[in-house]
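As a plain string of letters, each chain reads:
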Amino acid sequence: MDKLLELWQASGLYNMGFGQLVMIAVGLLLLFLAIRKNFEPLLLVPIGFGGIMANIPEAGLAFSAVENAVHFAQPEVMKHLAEVLGIASTDPHDVAHAYHGANATVHAAAANAAMDHGYNNGMLYNFYSIAIASGAAPLLIFMGVGAMTDFGPLLANPKTLFLGAAAQFGIFATVLGAVLLSTLGIMDFSIQDAAAIGIIGGADGPTAIYVASMLAPHLLGAIAVAAYSYMALVPMIQPPIMRALTTEEERKISMVQLRHITKTEKIMFPILLLILVALLLPDAAPLLGMFCFGNLMRECGVVDRLSDTAQNALINIVTIFLGLSVGSKLSADKFLDVETLGILVLGIVAFGIGTACGVLMAKAMNRMQGGNAINPLIGSAGVSAVPMAARVSNKLGLEANPQNFLLMHAMGPNVAGVIGSAVAAGVMIKFVG
Amino acid sequence: MENLLSEGFTLMIFGMGFVFVFLTLLVFATGGMSKFVAKYAPEPAPQPAKPRAAAAPSKAGGSNDELVAVLTAAVHKYRSK
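Note that the protein sequences, when read in sequence, are chains A and B.
Each residue of the first sequence is one higher than the one before, counting from 17 in my numbering.
Each residue of the second sequence is one higher than the one before, counting from 2 in my numbering.
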């Protein structure tokens, strides 16, 4: 009978907390959205599943060795940890608090102490530290995206870079919004948190994860989920804004065909971009450096094998680990918070402002060039979300004029948006990192 | 708290300004690069494409003639049997 009781007390059912139950439901919701509604399934399936695994009671998959030790709170282990952390109290809460506030040296010592007592890092925690905390996974994804990107439309019409710049206003406006919420006392965001939340408006998953991992790791789960959910919602969020800001005549404007781009230009562009980043904004070098590297592999034509790996096999492998790692941040104590709600709301505002600014910029450029050169619909593609945003521009253009194919014209601002959001990320890391 | 707000403003002005400056420079650099390439390393692609295009039909025509000749001979032989 005692054994039976012991088994019951070790079961997930007995130990399930309310928060964990809610988070498992959130994980199931993400799986439902991915599988049934086809919302960014490549990321939401691993994120949702990781989220469920992270909330299995007692398994501690998303916790470090020390956090697991604190969870079980055996007196002799607590005493040892308190000694290593240099505090008098052996209360698990105090130990956890001291551990989170400690510097890297003490962190390592505490981790070793916990491991001496037989506690280990959870699987998802290990994935997280290798893939995201190190910055590796978002950067490798960026390399793959670079290898998939064709800069042809951008090179044919470099002025579309301005649209990519304008759409980044959503990022900075949201930073201001988040700071305002803190000032009014509604939420509690630091300037770092605000910067990481703003990046959602860049509609670029890897960039958002990279910035969040550097500036606000405790918000990473919510930011990643918001970024990828809104990317999936691009076809629903953008069209009403685009219709509201353009007239029927403007939507009918058809643009002249793009000129042919030589191979030399395509090879030189990533190198040019890298040099410019190196000279002006070294903080954006990790992101744009990997992006340029991927693109050079694609365009140079002598390393097709590497380019093929970067845009297929490697990006798929990295996506699995990235998704599971993000899922590990969906633990109840970090996600079930009023701040998550704030992040979701601010994220969609960021997205809307970015779209609107892109369209307004395109309108202004159209006026300056005589009113019949640039269809303002391509401006909304300045938020990155490649290639969904460009497809949305194309679809709205076809609605207004069935002969009007804007897809290639919209790809220019679309890839400009990727560069723009990476530059914005570099600026954020530089100023508040 | 006021300090946080002003920090946010500074970040917005500087951030947006920098993004525009960077991308403006990129526009000019790209334009310059394209002109440079067009002047010093124009693509030789269209030239080899023409002779190949011209050669292809004649070759095809030649083999066609040959084929017709062979077929005619075969039909003749069959009929004369």
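Among the hints, a few may not be true.
[As the list claims (entries may be wrong)] Stretches of chain B that chain A covers, calculated by requiring three or more beta carbons in the stretch to come under 8 Å of a beta carbon on chain A: (1) 4-14; (2) 67-81.
[As the list claims (entries may be wrong)] Derived DSS-like pairs: lysine-lysine, alpha-carbon spacing no greater than 27 Å straight-line: (3) B:Lys40 <-> A:Lys282; (4) A:Lys279 <-> A:Lys175; (5) A:Lys95 <-> A:Lys175; (6) A:Lys95 <-> A:Lys411; (7) A:Lys411 <-> A:Lys53; (8) A:Lys175 <-> B:Lys40; (9) A:Lys53 <-> A:Lys19; (10) A:Lys279 <-> B:Lys40; (11) A:Lys175 <-> A:Lys411; (12) A:Lys175 <-> A:Lys19; (13) B:Lys78 <-> A:Lys279; (14) A:Lys268 <-> A:Lys379; (15) A:Lys282 <-> B:Lys36; (16) B:Lys78 <-> A:Lys175; (17) A:Lys268 <-> A:Lys411.
Read the hints as simulated data drawn from the structure, not as lab findings.
All residues carry an ideal CB built from backbone N, CA and C; glycine is no exception.
Against the structure, the hints:
1. 4-14: Check passed, 8 qualifying residues.
2. 67-81: violated (count 0)
3. B:Lys40 <-> A:Lys282: holds, 16 Å
4. A:Lys279 <-> A:Lys175: Satisfied, since the Cα-Cα distance of roughly 20 Å is no more than 27 Å.
5. A:Lys95 <-> A:Lys175: violated, 64 Å
6. A:Lys95 <-> A:Lys411: violated, 64 Å
7. A:Lys411 <-> A:Lys53: holds, 20 Å
8. A:Lys175 <-> B:Lys40: holds, 21 Å
9. A:Lys53 <-> A:Lys19: violated, 45 Å
10. A:Lys279 <-> B:Lys40: Since the Cα atoms of Lys279 of chain A and Lys40 of chain B sit roughly 14 Å apart, the hinted pair holds (cutoff 27 Å).
11. A:Lys175 <-> A:Lys411: Judged against 27 Å, a Cα distance of about 22 Å means the pair holds.
12. A:Lys175 <-> A:Lys19: violated, 73 Å
13. B:Lys78 <-> A:Lys279: violated, 56 Å
14. A:Lys268 <-> A:Lys379: Cα-Cα ~13 Å, so holds.
15. A:Lys282 <-> B:Lys36: holds, 13 Å
16. B:Lys78 <-> A:Lys175: violated, 71 Å
17. A:Lys268 <-> A:Lys411: holds, 12 Å
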